[in-house]
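Participant: Can you build the whole structure from these sequences, using the hints too?
Each residue of the sequence shown is one higher than the one before, starting from 26 at the first, in the working numbering.
These aren't lab readings, by the way, just hints derived from the structure by calculation.
Since we're looking at a predicted model, the values are computed, not measured.
We treat Cβ as the ideally placed atom computed from N, Cα and C, and that holds for glycine.
Any given hint could be a false lead.
[Claimed, not checked] Using C-beta positions, here's what the derived DEER-type ranges look like: (1) W256 with P95: 43 to 53 Å; (2) F188 with D217: 25 to 35 Å; (3) E165 with R313: 47 to 57 Å; (4) G150 with S336: 47 to 57 Å; (5) D110 with R313: 35 to 45 Å; (6) D217 with R193: 25 to 35 Å; (7) A199 with T163: 27 to 37 Å; (8) G46 with R147: 17 to 27 Å; (9) D174 with D100: 18 to 28 Å; (10) D321 with A149: 38 to 48 Å; (11) T163 with F328: 44 to 54 Å; (12) F188 with D335: 43 to 53 Å.
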Amino acid sequence: MKLFSCSSCGHRLAFVPGLLGLATLDQAAGGDGRPEGSTELAALGPDADNLRVRLCQNYEQHDVCNWAIPADSADSFCESCALNDTIPDLETVEAKQAWVRLEAAKRRLIYGLLELGLPIERRAGNGAGLAFSFKTSTPEETVFTGHSDGLITINIAEASDPFRERMREQMGEAYRTLLGHFRHEIGHYYWDRLIKSSLRLERFRALFGDETSDYAEAQKRHYNGCVPADWQGQFVSAYASMHPWEDWAETFAHYLHMVDTLETAGAYGLALKPRSASGAPIPNVATRRLHFDDFDELIAAWFPLTNALDSPYVSMGLNDLYPFVLSEPAVSKLRFVHDVCADSARARS
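Facilitator: Printed below as a string of C-alpha coordinates:
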(Lines of atoms letter the chains of each structure in order from A; the text may use other names.)
(Lines give C-alpha, C1' and ligand atoms only; values in the text may rest on other atoms or scores of the structure.)
Protein backbone atom coordinates (compact mmCIF):
# COMPACT_ATOMS: atom_id res chain seq x y z
CA MET A 26 0.00 0.00 0.00
CA LYS A 27 1.23 3.49 -0.85
CA LEU A 28 1.42 6.33 1.64
CA PHE A 29 -1.28 8.91 0.93
CA SER A 30 -1.02 12.47 2.20
CA CYS A 31 -3.50 15.32 2.46
CA SER A 32 -2.80 18.31 0.22
CA SER A 33 -4.94 20.77 2.18
CA CYS A 34 -6.13 20.80 5.79
CA GLY A 35 -9.80 21.24 6.64
CA HIS A 36 -11.11 19.42 3.54
CA ARG A 37 -12.79 16.07 3.07
CA LEU A 38 -10.70 13.25 1.68
CA ALA A 39 -11.57 10.34 -0.58
CA PHE A 40 -9.77 7.65 -2.49
CA VAL A 41 -10.25 8.17 -6.23
CA PRO A 42 -9.79 4.86 -8.08
CA GLY A 43 -9.07 6.63 -11.37
CA LEU A 44 -6.07 8.29 -9.74
CA LEU A 45 -5.17 5.30 -7.56
CA GLY A 46 -4.69 7.81 -4.78
CA LEU A 47 -6.26 9.83 -2.01
CA ALA A 48 -7.56 13.26 -3.02
CA THR A 49 -8.52 16.37 -1.10
CA LEU A 50 -12.07 17.42 -2.01
CA ASP A 51 -13.55 20.87 -2.32
CA GLN A 52 -17.09 22.00 -3.05
CA ALA A 53 -17.87 22.38 -6.75
CA ALA A 54 -20.83 23.44 -8.81
CA GLY A 55 -23.26 20.60 -9.57
CA GLY A 56 -23.43 18.89 -12.92
CA ASP A 57 -25.93 16.94 -14.95
CA GLY A 58 -26.41 13.19 -14.75
CA ARG A 59 -25.71 12.75 -11.04
CA PRO A 60 -28.13 10.96 -8.71
CA GLU A 61 -30.57 13.21 -6.89
CA GLY A 62 -29.27 14.52 -3.58
CA SER A 63 -25.58 13.90 -4.33
CA THR A 64 -22.98 16.66 -4.16
CA GLU A 65 -20.37 17.23 -6.80
CA LEU A 66 -16.87 17.85 -5.50
CA ALA A 67 -13.58 18.88 -7.07
CA ALA A 68 -10.52 16.73 -6.43
CA LEU A 69 -7.50 18.86 -5.56
CA GLY A 70 -3.83 18.03 -5.87
CA PRO A 71 -1.04 17.99 -8.48
CA ASP A 72 -2.38 14.89 -10.26
CA ALA A 73 -6.10 15.53 -9.84
CA ASP A 74 -6.46 18.19 -12.55
CA ASN A 75 -9.62 19.45 -10.82
CA LEU A 76 -11.37 16.13 -11.47
CA ARG A 77 -15.08 16.23 -10.55
CA VAL A 78 -16.28 13.42 -8.26
CA ARG A 79 -19.06 12.41 -5.88
CA LEU A 80 -18.84 10.44 -2.65
CA CYS A 81 -19.89 6.80 -2.59
CA GLN A 82 -23.37 6.37 -1.12
CA ASN A 83 -21.90 4.16 1.60
CA TYR A 84 -19.56 7.05 2.47
CA GLU A 85 -22.37 9.59 2.77
CA GLN A 86 -25.06 7.43 4.37
CA HIS A 87 -23.23 4.82 6.44
CA ASP A 88 -19.63 6.05 6.81
CA VAL A 89 -18.26 2.62 5.91
CA CYS A 90 -16.42 3.74 2.77
CA ASN A 91 -13.97 6.48 1.82
CA TRP A 92 -14.02 6.16 -1.98
CA ALA A 93 -15.31 8.53 -4.63
CA ILE A 94 -17.08 8.11 -7.99
CA PRO A 95 -16.66 10.15 -11.19
CA ALA A 96 -19.22 12.94 -11.12
CA ASP A 97 -20.68 11.95 -14.50
CA SER A 98 -21.24 8.31 -13.43
CA ALA A 99 -24.81 7.06 -13.08
CA ASP A 100 -23.70 4.80 -10.20
CA SER A 101 -24.37 5.60 -6.57
CA PHE A 102 -21.66 3.28 -5.30
CA CYS A 103 -17.89 3.24 -5.80
CA GLU A 104 -16.00 0.49 -7.61
CA SER A 105 -15.62 -1.47 -4.37
CA CYS A 106 -19.12 -1.06 -2.89
CA ALA A 107 -20.78 -1.68 -6.27
CA LEU A 108 -19.53 -5.27 -6.02
CA ASN A 109 -21.72 -5.97 -2.98
CA ASP A 110 -24.50 -8.49 -3.45
CA THR A 111 -25.50 -8.84 0.22
CA ILE A 112 -24.54 -6.66 3.18
CA PRO A 113 -25.10 -7.35 6.89
CA ASP A 114 -28.35 -6.44 8.63
CA LEU A 115 -27.57 -2.97 9.96
CA GLU A 116 -30.15 -3.12 12.77
CA THR A 117 -27.44 -4.13 15.26
CA VAL A 118 -24.31 -2.26 16.29
CA GLU A 119 -22.27 -5.47 16.02
CA ALA A 120 -23.29 -6.02 12.40
CA LYS A 121 -22.43 -2.42 11.48
CA GLN A 122 -19.00 -2.77 13.12
CA ALA A 123 -18.42 -6.03 11.26
CA TRP A 124 -19.37 -4.37 7.98
CA VAL A 125 -16.88 -1.56 8.60
CA ARG A 126 -14.09 -4.12 9.00
CA LEU A 127 -15.25 -6.15 5.99
CA GLU A 128 -15.36 -3.11 3.73
CA ALA A 129 -11.92 -1.93 4.88
CA ALA A 130 -10.42 -5.31 3.98
CA LYS A 131 -12.30 -5.44 0.68
CA ARG A 132 -11.14 -1.96 -0.34
CA ARG A 133 -7.54 -2.94 0.33
CA LEU A 134 -8.08 -6.02 -1.82
CA ILE A 135 -9.63 -4.02 -4.68
CA TYR A 136 -6.86 -1.43 -4.49
CA GLY A 137 -4.28 -4.18 -4.90
CA LEU A 138 -6.12 -5.65 -7.88
CA LEU A 139 -6.31 -2.21 -9.52
CA GLU A 140 -2.58 -1.70 -8.93
CA LEU A 141 -1.85 -5.03 -10.62
CA GLY A 142 -4.13 -4.19 -13.54
CA LEU A 143 -6.27 -7.30 -13.04
CA PRO A 144 -9.80 -7.40 -14.52
CA ILE A 145 -12.62 -6.57 -12.10
CA GLU A 146 -15.96 -7.22 -13.76
CA ARG A 147 -19.09 -6.43 -11.77
CA ARG A 148 -21.64 -9.24 -11.59
CA ALA A 149 -24.27 -8.83 -14.32
CA GLY A 150 -27.90 -9.89 -14.44
CA ASN A 151 -26.93 -13.22 -15.97
CA GLY A 152 -24.80 -14.05 -12.93
CA ALA A 153 -21.44 -13.58 -14.67
CA GLY A 154 -18.82 -11.47 -12.95
CA LEU A 155 -17.63 -10.73 -9.43
CA ALA A 156 -19.77 -10.03 -6.34
CA PHE A 157 -19.47 -10.21 -2.56
CA SER A 158 -22.00 -11.50 -0.06
CA PHE A 159 -21.57 -10.76 3.66
CA LYS A 160 -23.84 -13.02 5.68
CA THR A 161 -24.28 -14.36 9.20
CA SER A 162 -25.15 -17.90 10.21
CA THR A 163 -28.67 -18.54 11.52
CA PRO A 164 -30.39 -21.64 12.97
CA GLU A 165 -31.73 -22.24 9.46
CA GLU A 166 -28.50 -21.61 7.55
CA THR A 167 -24.82 -22.11 8.32
CA VAL A 168 -22.74 -19.64 6.33
CA PHE A 169 -19.36 -20.80 5.06
CA THR A 170 -16.74 -18.45 3.67
CA GLY A 171 -16.05 -19.44 0.08
CA HIS A 172 -16.34 -18.80 -3.65
CA SER A 173 -18.84 -20.05 -6.21
CA ASP A 174 -18.99 -18.85 -9.82
CA GLY A 175 -17.76 -15.35 -9.02
CA LEU A 176 -19.77 -14.89 -5.81
CA ILE A 177 -17.50 -14.58 -2.77
CA THR A 178 -19.31 -15.19 0.51
CA ILE A 179 -17.75 -14.10 3.81
CA ASN A 180 -19.23 -15.13 7.14
CA ILE A 181 -19.34 -11.82 9.02
CA ALA A 182 -18.25 -13.62 12.19
CA GLU A 183 -14.77 -13.58 10.61
CA ALA A 184 -14.70 -9.84 11.36
CA SER A 185 -14.61 -10.74 15.07
CA ASP A 186 -11.06 -11.15 16.36
CA PRO A 187 -12.02 -13.68 19.10
CA PHE A 188 -14.01 -15.81 16.63
CA ARG A 189 -11.24 -15.74 14.05
CA GLU A 190 -8.56 -16.59 16.61
CA ARG A 191 -10.64 -19.47 17.92
CA MET A 192 -11.07 -20.80 14.38
CA ARG A 193 -7.37 -20.34 13.69
CA GLU A 194 -6.48 -22.53 16.66
CA GLN A 195 -9.15 -25.14 15.87
CA MET A 196 -7.99 -25.39 12.26
CA GLY A 197 -4.31 -25.47 13.22
CA GLU A 198 -3.54 -22.44 11.07
CA ALA A 199 -0.49 -20.26 11.57
CA TYR A 200 -2.17 -17.34 9.83
CA ARG A 201 -5.84 -16.33 9.55
CA THR A 202 -6.92 -12.75 8.84
CA LEU A 203 -9.93 -11.05 7.29
CA LEU A 204 -7.79 -9.67 4.45
CA GLY A 205 -6.33 -13.13 3.95
CA HIS A 206 -9.84 -14.53 3.39
CA PHE A 207 -10.54 -11.93 0.71
CA ARG A 208 -7.24 -12.58 -1.05
CA HIS A 209 -7.71 -16.35 -0.95
CA GLU A 210 -11.27 -16.31 -2.31
CA ILE A 211 -10.42 -13.83 -5.06
CA GLY A 212 -7.76 -16.32 -6.09
CA HIS A 213 -10.52 -18.82 -6.89
CA TYR A 214 -12.27 -16.15 -8.96
CA TYR A 215 -9.12 -15.49 -10.98
CA TRP A 216 -8.51 -19.20 -11.52
CA ASP A 217 -11.87 -19.29 -13.31
CA ARG A 218 -11.13 -16.00 -15.07
CA LEU A 219 -7.48 -16.42 -16.09
CA ILE A 220 -6.57 -20.12 -15.96
CA LYS A 221 -9.57 -22.40 -16.48
CA SER A 222 -10.04 -21.98 -20.24
CA SER A 223 -6.67 -20.52 -21.14
CA LEU A 224 -3.42 -21.73 -22.65
CA ARG A 225 -1.94 -21.46 -19.14
CA LEU A 226 -3.80 -24.58 -17.96
CA GLU A 227 -1.06 -27.03 -18.97
CA ARG A 228 1.59 -25.05 -17.10
CA PHE A 229 -0.75 -24.76 -14.11
CA ARG A 230 -1.17 -28.54 -13.95
CA ALA A 231 2.58 -29.08 -14.17
CA LEU A 232 3.08 -26.91 -11.08
CA PHE A 233 -0.08 -27.37 -9.01
CA GLY A 234 -1.48 -30.73 -10.15
CA ASP A 235 -4.65 -31.95 -11.82
CA GLU A 236 -7.59 -29.81 -10.70
CA THR A 237 -10.06 -32.39 -12.04
CA SER A 238 -9.25 -34.70 -9.13
CA ASP A 239 -12.17 -35.23 -6.73
CA TYR A 240 -12.43 -32.07 -4.61
CA ALA A 241 -14.93 -33.48 -2.10
CA GLU A 242 -12.71 -36.48 -1.45
CA ALA A 243 -9.64 -34.26 -1.09
CA GLN A 244 -11.52 -32.03 1.37
CA LYS A 245 -12.61 -35.07 3.40
CA ARG A 246 -9.04 -36.37 3.61
CA HIS A 247 -7.71 -32.97 4.66
CA TYR A 248 -10.20 -32.44 7.46
CA ASN A 249 -9.63 -36.00 8.67
CA GLY A 250 -6.03 -35.00 9.31
CA CYS A 251 -4.40 -36.44 6.18
CA VAL A 252 -1.94 -33.59 5.63
CA PRO A 253 1.38 -34.53 4.00
CA ALA A 254 4.15 -34.58 6.58
CA ASP A 255 6.45 -32.81 4.13
CA TRP A 256 3.92 -30.19 2.97
CA GLN A 257 6.34 -27.32 3.70
CA GLY A 258 8.61 -28.65 0.97
CA GLN A 259 5.93 -28.11 -1.70
CA PHE A 260 3.27 -25.63 -0.53
CA VAL A 261 2.89 -22.18 1.02
CA SER A 262 0.52 -23.59 3.68
CA ALA A 263 -0.87 -26.89 4.90
CA TYR A 264 -4.27 -25.95 3.49
CA ALA A 265 -2.69 -25.54 0.04
CA SER A 266 -1.82 -29.24 0.09
CA MET A 267 -5.51 -30.23 0.05
CA HIS A 268 -6.21 -29.78 -3.68
CA PRO A 269 -4.71 -27.92 -6.70
CA TRP A 270 -7.51 -25.31 -6.53
CA GLU A 271 -6.64 -24.51 -2.92
CA ASP A 272 -2.94 -24.55 -3.71
CA TRP A 273 -3.54 -21.91 -6.39
CA ALA A 274 -5.79 -19.78 -4.13
CA GLU A 275 -3.31 -19.89 -1.23
CA THR A 276 -0.40 -19.07 -3.54
CA PHE A 277 -2.35 -16.25 -5.21
CA ALA A 278 -3.20 -14.77 -1.80
CA HIS A 279 0.44 -15.06 -0.76
CA TYR A 280 1.53 -13.18 -3.87
CA LEU A 281 -0.89 -10.35 -3.00
CA HIS A 282 0.55 -10.30 0.54
CA MET A 283 4.05 -9.96 -0.91
CA VAL A 284 3.26 -7.19 -3.39
CA ASP A 285 1.27 -5.12 -0.89
CA THR A 286 3.84 -5.47 1.91
CA LEU A 287 6.75 -4.64 -0.37
CA GLU A 288 4.91 -1.62 -1.75
CA THR A 289 4.29 -0.42 1.81
CA ALA A 290 7.96 -0.92 2.69
CA GLY A 291 8.89 1.02 -0.43
CA ALA A 292 6.52 3.85 0.46
CA TYR A 293 8.36 4.22 3.77
CA GLY A 294 11.71 4.17 1.99
CA LEU A 295 12.75 1.07 3.91
CA ALA A 296 16.26 -0.15 3.09
CA LEU A 297 17.76 -3.43 4.31
CA LYS A 298 21.39 -4.40 4.72
CA PRO A 299 21.22 -8.15 5.36
CA ARG A 300 24.24 -10.14 6.53
CA SER A 301 24.75 -13.86 6.23
CA ALA A 302 25.74 -16.01 9.20
CA SER A 303 29.13 -16.59 7.57
CA GLY A 304 29.71 -12.89 7.09
CA ALA A 305 29.59 -13.18 3.30
CA PRO A 306 28.22 -10.03 1.66
CA ILE A 307 24.59 -9.99 0.56
CA PRO A 308 23.26 -7.27 -1.78
CA ASN A 309 21.48 -4.44 0.00
CA VAL A 310 17.75 -4.05 -0.63
CA ALA A 311 16.25 -0.59 -1.17
CA THR A 312 12.55 -1.38 -1.34
CA ARG A 313 11.61 2.04 -2.68
CA ARG A 314 13.50 1.21 -5.89
CA LEU A 315 11.94 -2.20 -6.49
CA HIS A 316 10.78 -2.98 -10.01
CA PHE A 317 7.47 -4.73 -9.42
CA ASP A 318 7.47 -6.27 -12.87
CA ASP A 319 10.61 -8.24 -11.96
CA PHE A 320 9.80 -11.31 -9.88
CA ASP A 321 13.46 -11.99 -9.09
CA GLU A 322 13.69 -8.56 -7.44
CA LEU A 323 10.50 -9.16 -5.49
CA ILE A 324 11.56 -12.50 -4.04
CA ALA A 325 15.10 -11.24 -3.35
CA ALA A 326 13.62 -8.40 -1.28
CA TRP A 327 10.96 -10.56 0.36
CA PHE A 328 13.23 -12.89 2.34
CA PRO A 329 15.32 -10.22 4.13
CA LEU A 330 12.21 -8.09 4.71
CA THR A 331 10.26 -10.89 6.42
CA ASN A 332 13.30 -11.84 8.51
CA ALA A 333 13.65 -8.24 9.62
CA LEU A 334 9.93 -7.98 10.43
CA ASP A 335 9.85 -11.24 12.41
CA SER A 336 12.78 -10.42 14.69
CA PRO A 337 11.14 -7.52 16.63
CA TYR A 338 8.03 -9.67 17.17
CA VAL A 339 10.10 -12.47 18.68
CA SER A 340 11.96 -9.91 20.79
CA MET A 341 8.59 -8.81 22.21
CA GLY A 342 7.65 -12.40 23.04
CA LEU A 343 5.14 -12.63 20.20
CA ASN A 344 4.76 -15.17 17.43
CA ASP A 345 6.40 -14.54 14.06
CA LEU A 346 4.61 -11.88 12.04
CA TYR A 347 5.35 -13.99 8.96
CA PRO A 348 4.81 -17.66 9.91
CA PHE A 349 5.72 -19.15 6.54
CA VAL A 350 8.63 -20.95 4.90
CA LEU A 351 8.88 -20.73 1.13
CA SER A 352 10.40 -23.77 -0.55
CA GLU A 353 11.71 -23.72 -4.13
CA PRO A 354 8.51 -25.37 -5.48
CA ALA A 355 6.40 -22.75 -3.66
CA VAL A 356 8.53 -19.95 -5.13
CA SER A 357 8.06 -21.45 -8.61
CA LYS A 358 4.30 -21.34 -8.09
CA LEU A 359 4.52 -17.72 -6.91
CA ARG A 360 6.49 -16.90 -10.06
CA PHE A 361 3.69 -18.45 -12.13
CA VAL A 362 1.11 -16.27 -10.35
CA HIS A 363 3.30 -13.23 -11.02
CA ASP A 364 3.53 -14.12 -14.72
CA VAL A 365 -0.25 -14.65 -14.98
CA CYS A 366 -0.94 -11.25 -13.38
CA ALA A 367 1.65 -9.50 -15.54
CA ASP A 368 0.33 -11.11 -18.74
CA SER A 369 -3.24 -10.15 -17.85
CA ALA A 370 -2.25 -6.54 -17.17
CA ARG A 371 -0.33 -6.29 -20.45
CA ALA A 372 -3.26 -7.74 -22.38
CA ARG A 373 -5.58 -5.08 -20.93
CA SER A 374 -3.22 -2.11 -21.41
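Participant: If a hint holds in the structure, say so; if it doesn't, say that too.
Facilitator: Hint-by-hint comparison with the structure:
| no. | hint | in the structure |
| --- | --- | --- |
| 1 | W256 with P95: 43 to 53 Å | 47 Å, holds |
| 2 | F188 with D217: 25 to 35 Å | 29 Å, holds |
| 3 | E165 with R313: 47 to 57 Å | 52 Å, holds |
| 4 | G150 with S336: 47 to 57 Å | 52 Å, holds |
| 5 | D110 with R313: 35 to 45 Å | 39 Å, holds |
| 6 | D217 with R193: 25 to 35 Å | 27 Å, holds |
| 7 | A199 with T163: 27 to 37 Å | 31 Å, holds |
| 8 | G46 with R147: 17 to 27 Å | 22 Å, holds |
| 9 | D174 with D100: 18 to 28 Å | 23 Å, holds |
| 10 | D321 with A149: 38 to 48 Å | 39 Å, holds |
| 11 | T163 with F328: 44 to 54 Å | 45 Å, holds |
| 12 | F188 with D335: 43 to 53 Å | 26 Å, violated |
In this structure, the one hint that does not hold is number 12.
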